[in-house]
Every structure is written in structure tokens, then in C-alpha cells.
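A.B. asks: Single-letter residue listing:
Protein chains: 2
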Amino acid sequence: MCQLLGMNCNSPTDIVFSFEGFRRRAGITDHHSDGFGIAFFEGKGVRVFRDDKPCSSSPIADCVKQYHIKSLNVIAHIRKATQGVVNLENTHPFMREIWGENWVFAHNGNLKTMPDLSESRAQPIGSTDSEAAFCYMVEKLKVRYHKKPSDQEIFNAVYDIAAELGELGTFNFILSNGQIMLAHCSTHLHYVMRKAPFGKAFRIDDDGVIDFNDFAKPNDRVNIISTFPLTKNEAWVKMEHGGFVMFKDGEKIHEVVGEYKLMEDDGTQCTQSRVA
Amino acid sequence: MCQLLGMNCNSPTDIVFSFEGFRRRAGITDHHSDGFGIAFFEGKGVRVFRDDKPCSSSPIADCVKQYHIKSLNVIAHIRKATQGVVNLENTHPFMREIWGENWVFAHNGNLKTMPDLSESRAQPIGSTDSEAAFCYMVEKLKVRYHKKPSDQEIFNAVYDIAAELGELGTFNFILSNGQIMLAHCSTHLHYVMRKAPFGKAFRIDDDGVIDFNDFAKPNDRVNIISTFPLTKNEAWVKMEHGGFVMFKDGEKIHEVVGEYKLMEDDGTQCTQSRVA
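Line order of the protein sequences matches chains D and F.
Residue 1 is where the first sequence starts when you use the UniProt record's numbering, and the numbers rise one by one after that.
Residue 1 is where the second sequence starts when you use the UniProt record's numbering, and the numbers rise one by one after that.
Heads up, none of these hints are tricks.
Since the list can't tell identical chains apart, any single copy or any two copies may satisfy a pair.
Pairs of lysine-lysine, DSBU-like flavour, derived with a Cα cap of 30 Å: (1) Lys80 with Lys70; (2) Lys44 with Lys142; (3) Lys147 with Lys112; (4) Lys44 with Lys112; (5) Lys200 with Lys238.
Keep in mind the hints are simulated off the structure, nothing from the lab.
Please take these sequences and the hints and turn them into a complete structure.
C.D. replies: The following block contains the structure:
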């Protein structure tokens with residue numbers, strides 16, 4: 001398995017405090033040492049750093065730390081390989097163009113059956129179940145909507161795909177286009193919202209401490225998503241199996257709390273149960 | 001305009017000697033200071049570094065220099081913006097998936113008319129003519145061949161697209177999938193092959209000197225492609241208007257010397273002239 005880290009906020013924010021705890025799980029406090037990747041949105045562009053070396057000791061990760069990039073949306077991933085060898089093309093996050101935007105995807109889990117991509121124009125480059133699942137998603141979204149739809153329609157469309165692929169195995173993922181961030185939970189995913197009044201946070205993976213009052217402005221809102229909580233003293237929300245959320249500008253704007261439910265186009269939930 | 005740098009070789013090679021001369025043209029020996037990017041293939045994976053700061057002074061470019069990445073195929077670009085503002089999404093090289101491979105593209109020139117992408121599934125993310133041209137190419141290649149064709153068929157297909165887009169303006173470009181490297185010349189593009197017997201090379205943009213005997217093995221073959229020669233004493237080949245070459249394992253395997261000619265599927269040239 002792997003671990004996921006996401007950040008969505010309303011003001012460009014440096015993720016280094018969270019990333020420094022997270023990267024210790026790649027060889028020091030945990031065993032997710034088969035490469036890492038981190039993608040920073042900058043407008044419609046994306047800066048991606050990847051390495052097939054452990055994130056805790058990678059010189060590329062050191063470069064990320066030193067550069068202190070501020071971004072509204074960041075997705076990071078540390079890998080413990082289940083399917084696909086340890087190399088660069090199998091390193092998350094994966095990126096594809098949809099509707100003239102960069103979409104970035106990282107997965108934690110293991111799909112026992114690969115989705116059918118025989119007719120898909122989007123094809124995986126590496127050999128992971130994760131990239132195959134993302135290509136399936138890209139193809140479905142492009143075929144369903146030729147032009148970019150509303151956030152609500154994107155939420156519903158990705159939810160349908162998540163529910164379908166979630167039946168093939170464990171499918172925790174984070175997905176973003178640089179404006180919205182979507183998170184789906186099969187087994188383990190948590191999030192926390194940081195906003196005023198700000199206080200101190202104490203990292204779990206080492207003795208790192210930060211006082212957000214030293215960095216944040218009064219209206220800042222920062223959502224952090226992580227496989228497991230990164231701090232000891234904050235109100236992390238544990239997502240349920242089948243839980244699905246959309247964040248935008250640091251706020252949760254759409255949510256299905258748990259268990260799979262079909263969605264209508266207006267965002268209401270169908271009463272019928274899902275047909276596989 | 002911009003400047004291009006490409007490397008194709010038969011043994012993983014460190015591009016830093018060439019890159020260190022090239023990056024000086026981004027603010028020191030020339031004025032291509034509107035961002036840079038460099039893509040290193042590593043198997044089917046790609047490591048991309050980009051910055052909207054001048055390459056000569058970018059900390060990201062310093063990181064590239066320090067890391068000494070060895071690769072079989074590298075494409076780099078320093079930008080002097082003609083179309084599209086200076087930001088990350090307008091920074092070359094651009095990358096898209098075709099036939100389950102990463103394809104990387106960098107352009108020097110200026111298309112006066114944008115190609116028609118109204119029916120294209122591949123859409124540009126930024127606002128440059130360069131990315132629009134690449135999307136046009138991606139779409140044409142995916143529609144013409146659903147599965148990856150032979151190198152000769154790729155050469156012919158890209159040549160046809162280059163000839164078509166070359167009529168819309170200046171269209172010097174380098175393109176690679178990590179195995180082959182294609183280069184098309186409208187106005188300025190040069191290449192040099194480095195192989196045994198190796199000797200010294202003297203950089204044009206500073207007083208850098210290298211003796212390749214200190215680094216190369218007897219069978220190494222390295223092709224460097226650059227908008228203008230990077231060294232004073234090597235046999236750089238100046239490509240002609242309409243010239244098009246394919247390199248593989250450091251060798252030139254297909255070539256059209258200059259002027260546009262239609263290609264048959266077996267690689268022979270048609271006698272008829274091109275119809276726009």
C-alpha cells in the first residue's frame with residue numbers, strides 16, 4: 001500500500017510542515033519507501049517532483065523542502081509497491097489533460113481486477129493498477145462531457161467512477177485540477193481544516209511544532225487530507241468507507257459521507273442501490 | 001523566439017556540459033529569459049523540471065546541475081515569449097501520452113495561424129501556439145494509428161504534420177518518446193554526433209572545456225541537437241528549411257534533407273508536390 005497527502009486552500013500555502021512529517025513515513029516511521037512524488041499546482045501549470053528513491057532520503061525531496069513552493073493545491077504520494085516494479089513511470093501522482101486542464105491523481109490501495117481499457121484512448125504508461133484506474137477515469141470523463149461541466153457534475157461523475165472501481169478493490173484516492181480537490185475513501189483517509197482561530201500543531205512523526213499564527217492571515221483556510229493524521233492535537237475527520245468529498249478554496253463544498261449511493265444530476269442522492 | 005536542446009544516445013549520458021552552455025543563453029549570452037524546462041527520460045518515465053524564471057539564474061536549474069541525471073533522451077527549452085504570457089503552463093517542453101508512452105515536445109518559432117482543435121480530444125492547457133501545435137499532432141497521431149506503429153511510420157506521420165503546420169509559420173521542434181528523437185527545422189537547427197575517436201570540446205557561451213575521453217566508452221554515440229552550435233570546434237550539421245531527422249541509439253536512422261516532400265508508407269518520397 002501507500003500513503004496519500006493532499007492540500008487545498010484559499011491562499012497560496014507552503015506544505016513543508018505537513019510534508020516533512022509525511023516523508024518520514026517513507027523509511028523512518030513507516031515503510032513506504034518505493035519512491036515518491038509531489039505535484040504543486042501553479043495556476044493551470046503543475047510542478048511535479050518524483051523519485052524512485054525513498055522520500056525520506058531523496059535529494060529531490062530535499063530540493064522540494066528548500067524551495068518552499070506555495071500553492072493552492074498539492075498532491076503527494078509515498079509508495080509501497082503492490083503492483084508494478086519500482087521505477088519512475090510507476091511513481092504517483094499521475095497526470096493527464098482533461099478539458100484543457102491538468103488533472104493530477106494519486107491512489108492508495110490495490111485493485112484486484114484491472115479496468116477494461118481495450119477501447120480507451122487514455123492508456124497507462126507504467127504497469128500499476130493505479131494508473132490504469134486513472135486512465136479509465138480520464139476516458140469516462142472525456143466521453144461523458146466533451147466540455148468541462150460544473151463542479152457538481154464533476155463530483156457526480158467522479159463519484160460514479162469511484163463507486164464502480166471501488167468494487168474492484170481498495171480505492172482511496174485524491175484528485176485535483178488545481179481548483180477543486182476530490183478525495184475518495186475505501187479504507188483509510190482523514191482530513192483536517194485549518195482556519196482562524198489558529199494555534200499550534202504538533203507532528204506525530206517527529207517532534208516538529210508549528211504555530212500557524214506566525215504564518216496565516218485571518219481569512220486563510222487550509223484543508224489537509226492524509227491517509228493517517230499527521231498531527232497529535234488537531235480535529236482530524238476520519239472518512240468512512242465509500243466517503244467522497246470535494247474541496248474548493250479550502251472549504252468542503254460537496255460530500256457523500258459513506259457507503260455507495262447513486263447521484264442525480266442535481267446532486268441529490270437516489271434511493272435505489274447501486275448496480276455493479 | 002526560443003532555443004532548443006536535445007540529446008539522443010545509446011548509453012545513459014549526463015547532459016550538464018551542453019546544458020551549462022545552453023542555459024547561459026537565458027539572460028547572459030542571449031535574451032531567452034522567459035522560463036525554461038528540461039525533460040529527462042528514465043525508461044518510460046520522465047523527470048521534468050520547469051521554471052518561469054530565467055534558466056541562467058533559476059534555483060531549479062541549479063538543482064538539475066547538481067543532480068547529474070544520466071539519460072538516453074533529453075529535451076530542453078529556454079523561452080523568449082512570443083505568444084502566451086510567462087507562466088508555468090506556457091513553459092516547454094510539453095508532454096502528452098500517446099500509445100501508452102510519454103511524448104515530449106519543445107518548439108522554437110511562431111505560428112501565425114493556430115491549428116483547428118475544435119474537434120480534438122487533446123486540448124492545450126496554456127495559451128501558446130506551441131502547445132496547440134503539439135495537441136494537433138497528438139490528435140492526428142492517435143487518430144491515424146490506434147496502436148503504436150513502426151518507427152518509419154511514425155517518421156512519415158510526424159513529417160506530414162510538420163509539413164502542414166510548417167506552412168502556418170516557423171516550426172522548429174524536437175520530439176521524443178524516450179526511444180526515438182525527431183527534429184524538424186524551419187529556420188535554425190543544428191546537430192552534432194559525438195563518437196570515437198573522442199576529443200576535447202570548447203563551449204561557445206563561456207570558457208568551458210571538456211575532454212570526452214575522460215567520460216565516454218569506446219562504443220558511446222551521443223547526438224546533440226541545438227538551435228545554434230554550443231561548441232566552437234565540433235562538426236555541427238546545419239539543417240535546411242524543411243529538414244527532418246529521426247535519431248535512435250545515437251544514430252540518424254531516417255532523414256529528409258530539406259524542402260517538403262510527401263512520403264510513401266515504405267519511406268520513399270513521392271514525386272508529387274505537397275498540397276496544403
